[in-house]
Amino acid sequence: MDWENARYLLVEQQIRPWNVLNPVILARVLNTRREDFVPADKKELAFVDVELPLAHGQLMLAPKVEARFLQEIDLKPTDKLLIVGSGAAYLVALAAGLCAQVVAVDADVEYVAFINAQLKAAGIKNARAEVGDALAANSQAPFDAIIATASFAQAPDALLAQLAQNGSLIAVIGEEPMMYATRFQKAGAQLEQKQVFDYNLPRMRVTMPAFEF
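Position 153 of the sequence shown, counting from 1, maps to 153 under the working numbering, and the rest follow consecutively.
Just so you know, these hints were derived from the structure itself, not from any lab.
Treat the hints with care, as some may be off.
The calculated PhoX-like cross-link candidates involving lysine-lysine, where the alpha carbons are at most 25 Å apart (straight line), are [to be verified]:
#	residue 1	residue 2
1	Lys125	Lys186
2	Lys125	Lys80
3	Lys43	Lys80
4	Lys194	Lys80
5	Lys186	Lys120
6	Lys80	Lys186
7	Lys194	Lys76
8	Lys76	Lys120
9	Lys194	Lys120
10	Lys125	Lys194
11	Lys76	Lys125
The model shown is predicted, which means the values in this text are computed figures rather than measured ones.
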């Protein structure tokens with residue numbers, strides 16, 4: 001396969017039509033080898049426009065959704081980002097080129113090892129994956145930005161509690177058949193929220209005791 005042409009077509013046929021127009025995001029997609037962040041037996045599917053089923057119940061987001069999440073969360077070069085949920089290897093790699101630090105949390109030990117191995121192979125040093133409960137308090141909180149790669153029935157308080165002042169969270173909220181990717185931002189004592197696009201995702205997996213306030 002001509003991977004470079006596939007990457008160009010990914011941007012032009014999938015990502016741009018989904019209103020991802022930020023040139024920094026597009027450049028990051030063009031310079032990040034998505035095929036290196038899927039398991040070897042899935043390489044030929046690296047650029048398909050669907051959620052990609054992985055082992056152990058993992059699900060890799062469609063590339064257009066990963067790019068749209070990054071555009072909507074609007075990372076700054078100094079930001080510390082938390083990514084929670086499954087199938088986030090490529091999203092972690094993309095984000096690592098847009099902010100200062102990326103921490104990914106997933107409950108699956110084997111997948112966390114896979115993410116870290118791929119990041120090391122790609123020479124990415126400002127990102128790593130950790131085994132844990134997505135909704136547990138992370139020792140590195142607060143975070144300037146949080147991306148959840150799954151859905152919730154309502155705003156996930158356990159994640160909102162880990163946001164820094166003026167920090168933002170993007171997560172898919174709602175019930176089937178209609179869910180919305182929603183951006184939450186802490187602004188003083190207020191929590192601002194905005195539905196940015198409609199999209200359905202499976203529920204977040206929680207395997208350890210949830211964070212308690």
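The hints, checked one at a time:
no.	hint	result
1	Lys125 - Lys186	violated, 29 Å
2	Lys125 - Lys80	holds, 14 Å
3	Lys43 - Lys80	violated, 30 Å
4	Lys194 - Lys80	holds, 22 Å
5	Lys186 - Lys120	violated, 33 Å
6	Lys80 - Lys186	holds, 15 Å
7	Lys194 - Lys76	holds, 19 Å
8	Lys76 - Lys120	holds, 23 Å
9	Lys194 - Lys120	violated, 36 Å
10	Lys125 - Lys194	violated, 33 Å
11	Lys76 - Lys125	holds, 18 Å
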